[in-house]
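Enquirer: Starting from the two chains in their separate frames, assemble the complex, guided by the hints.
So you can see what is in the structure, the chains are spelled out below.
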Amino acid sequence: MHAALYVSKTGLSAQDKQLSTIANNLANASTVGFKRDRAVFEDLLYQIQRQPGAQTTQETQLPSGLQLGVGARVVGTQKQFTEGSLQITEQSLDVAVDGRGFLPIQQADGTTAYTRNGQLHLNREGQIVTADGLLLQPTIAVPNNANTVTIGTDGTVTAKVVGEPEPQAIGNIQLVDFVNPAGLQAIGSNLFVQTGSSGEPIQGTPGENGLGQLKQGMLENSNVNIVEEMVNMITTQRAYEMNSKVVSTADQMLQYITQNL
Amino acid sequence: MGLNLAERASVENAVAACMSVLTTGSKPRRFNSNQLAGLYSWHRSCTFIVNGAKRQINASRCVDKALYIAMTGAKHNMRGQTSHANNLANSNTDGFKADFAQARSMPVYYGAGMPTRAYALAELGGTNFTSGTLNQTGRDLDIAIHGEGFIAVQGRDGQEAYTRAGSFEIDSQGILRTAGGLMVLGNGGPITVPPAQKVEFGEDGTINVHAQGQTPSALVQVDRIKLVKPDMSTVSKGPDGLFHVLSNPAGGILPADASVKVIGGSLENSNVNAVQELTGLLTLARQYEMHVKMMATVEKDSESAARLLQLNA
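Going line by line, the protein sequences match chains A and B. Note that this note's numbering gives residue 70 to position 70 of the first sequence, counting from 1, and the numbers run on in steps of one. Note that this note's numbering gives residue 95 to position 95 of the second sequence, counting from 1, and the numbers run on in steps of one.
One chain only, chain B, in its complex shape (with noise of 0.2 Å):
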């Protein structure tokens, strides 16, 4: 193993920097000879960063650049399985709409040599906002959206935020609230029901309420559910699993749209494609295993250059 002095320095500081990587807090140690010279193949393009020096990099000599591409790839592999899995665990969640995850390449080219560097990002593109089927469930408080729009609903946090689950109750103030608990906004904000015997949502969300000890043709028109037809685009899902606008100037709170339609009495259903889902995680499996399998490559590979060393030395 013919290292210089100055080589064997960067070869143990190329190792402490790669190790305080895994481990933080590391203290850079000394190695033998034998140890050296599988550490240089191991470590041998680190200590070009380190040293900073550049000098042509055998792209085939890469191997820890090879182990740790593969290694994001397997990582974010797993990443988009747990949205599907989410997917999947929601597929009978009334009003969920999927989540599309998709992966992007992430290039960290610099010095010179073959650009090989890509590595996997893992990122939800958006969601799908088809509709979900409609389910006739024929009770009183439930409404599902017919085409584009959402039910506008006071969030935890207070902020005006939309959901297409139009599963309503009313609680024993008269509120109307999501099935989740959260009140339902109306034209001036939350909505108070009075004692019904019967409560009927209008195409345009209208609430007419037929009181008690009334005639039903004594209808009551209580207030209207707030629908709104946001750009799609604008539209995110946020960490609470409701809908909010991004960049608007009302900041996030979208006018009313009368054009939304609304069917009393039924629920939509989850868009989940569970065939989709299914293949989409069987996929990023199988794509798994290959990056595990390449990571076994490289370790073999490292094994025999490290056993080439030992034998030159």
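Just chain A, with the same shape it has in the complex (with noise of 0.2 Å):
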């Protein structure tokens, strides 16, 4: 059949993966500590009809082959970790990361995820959650008669105590860092996991070593660029346009000579 069907099949799935991916930084424009996706498009292999020089005769040969595309592909999607604005929200208990760094939460199997979502909360024992009631790590808990929680820029978080003079060091909120972000797996609720492609967690203390600092009283907005997504839905939406054009016009071709001959 019309090999610009298969080819340009490819390019209508590809589109389809970039406006998925648009769609979910949309989604997200406005949820903390969100990190947009970029789909990553290259082009397939390319088949060799015919071979560049090869001989015509003896003593000619072709000046150029025939060598065919056969479309386009998702290569991957790259997460962006650029960083949102801050956003001020007066609450103790938000945290933004100002700089590089994720905040470690275990996870209901135990696991550690890691996320840049600091909306903080604390449960009905006192230690300090997040908003879907999963640990901090290492776990801190907050006196129950505490008037206020301070959390320093390095992390140390401190509670005023009804009655004391002086607040009382509670814990340290650590953050871990990874050689390649970008290769953390998503998996939801603002969470991330290590993987083969991300490298081994590095702990450290925030504004140490290259980590950035915590922010108390502050959230990190979505860092998806609305404009940004809107002109790539554009362009996404035209190609796919053009691309079922070429799907069109291979069956009309295919109509034609079957209605014709």
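Just so you know, these hints were derived from the structure itself, not from any lab. There are no misleading hints in this set.
Derived BS3-like pairs: lysine-lysine, alpha-carbon spacing no greater than 25 Å straight-line:
#1 A:Lys79 - B:Lys198
#2 B:Lys198 - A:Lys215
#3 B:Lys65 - B:Lys75
#4 B:Lys261 - B:Lys237
#5 A:Lys9 - B:Lys237
#6 A:Lys245 - B:Lys75
#7 A:Lys9 - A:Lys245
#8 B:Lys293 - A:Lys245
Computed footprint of chain B on chain A, listed as stretches where at least three residues anywhere in the stretch have a Cβ under 8 Å from a Cβ of chain B:
#9 43-50
#10 72-81
#11 179-193
#12 201-210
#13 225-239
#14 250-259
C-beta atoms are modelled at their ideal positions from N, C-alpha and C, and glycine is treated no differently.
Expert: Structure below.
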């Protein structure tokens, strides 16, 4: 059948995946700590129909051959770890990571996941948890008679307990970094898990060894750029239309030959 | 049908020869005189090929040749369209360069008569190396090449190849790779980037790293991306979609060229002109219809000729 049909099919499915990526980015335009994805395309293999420079006779050769590409594919999505803007919330348990680093979170199955979403809460035991109720690692418990909780830029958590003049240190928030954060696997709920391509987690104190500082009372907005996503959506839609035009043209050609011969 | 035995045999041989082109392994068949009359008109010129007889061929009777010529036209239209379809499928692929499809006429003249047998042959006239538009992404590991030049990468076959797609990643070993996973080459092979807070690409491809835990003033120069500027007439797109250099004394490896400029935080979009590709595709579709029309006309002519011969028999 007409090879252009299959080639444009790859184009259609690539644009389709691109649109899903854009849709997910736009849906998360106001998700705290969200990092946008970018679909990366590559051209597929080329099939050599006729080798350039092949001999046509003993003395002459073809000046150029015929090498047909078989379309496009999505090689993967890249997480873009550029920083989102910081938003002031005045909530004492909101922290933003200003720079590199992730907050380590203990998942329900005991394994560790990582997040940039610093919307923290307390559970009924007074422990610091995420909005989903997962424990921050290492666990920090706030005394139940605490008046205020202060999180320092280096992750020191202090609580001012009623009736005591001096605030008491109750724990340290640690940050974790990776050689290749783009290699982390996003598992939803703003969480990432370590993979073979992200490298081993490197734990450290906020503000040291290149890790970002913690900012209390602030949150990191999603790094999705609405304008950019909209422009990408337009180009994706038009590219999709053109590829479907190829399909309909090829279809008409096949219809024409079956009707006229 | 006044065919003598020798002529009858030559028609049957010719039919067998023609059939074997279409279905391999077919055996010579015997026909009755009515069938022969039809086949004779259809395969008349084939009998000359088989006999090797240098008889004058009346071009108007070479219906089968017209059919095959129209067929190659239609077939190569479809191939040309595949190339346009591939360009359109890659209209959003960063660093992609569109291919030109063109057709050449391949004359196959022999014997006496009208020199009418020119077959179509679709071919890629080359790659369009004009620059695509720049898309500013703001990502540290994106680079675009300003003007001419290529980024050297190690292809899947281990050989040095060239690309214009500058969307990089650093893997868990710290090796700089393209989005497709190919190693980017520096002055001395693959590039290893130390754990960095920020990576900056200089205009000449120098990689500056603000190492973790260091002050921003302590920028470290790590390596330099190998950028090359080949003679464009020697560059061709390989089956892997990367660019390769043909007929180069150093076995396809080019020296680094300091005059290539890169722009950090940007990517080069595909240089496919969608309007041009789409009109090219539609032009070919109309041409194809003309070829099909031609085939239908030839079929009709052949039927009329067979009818005439039947009346005379």
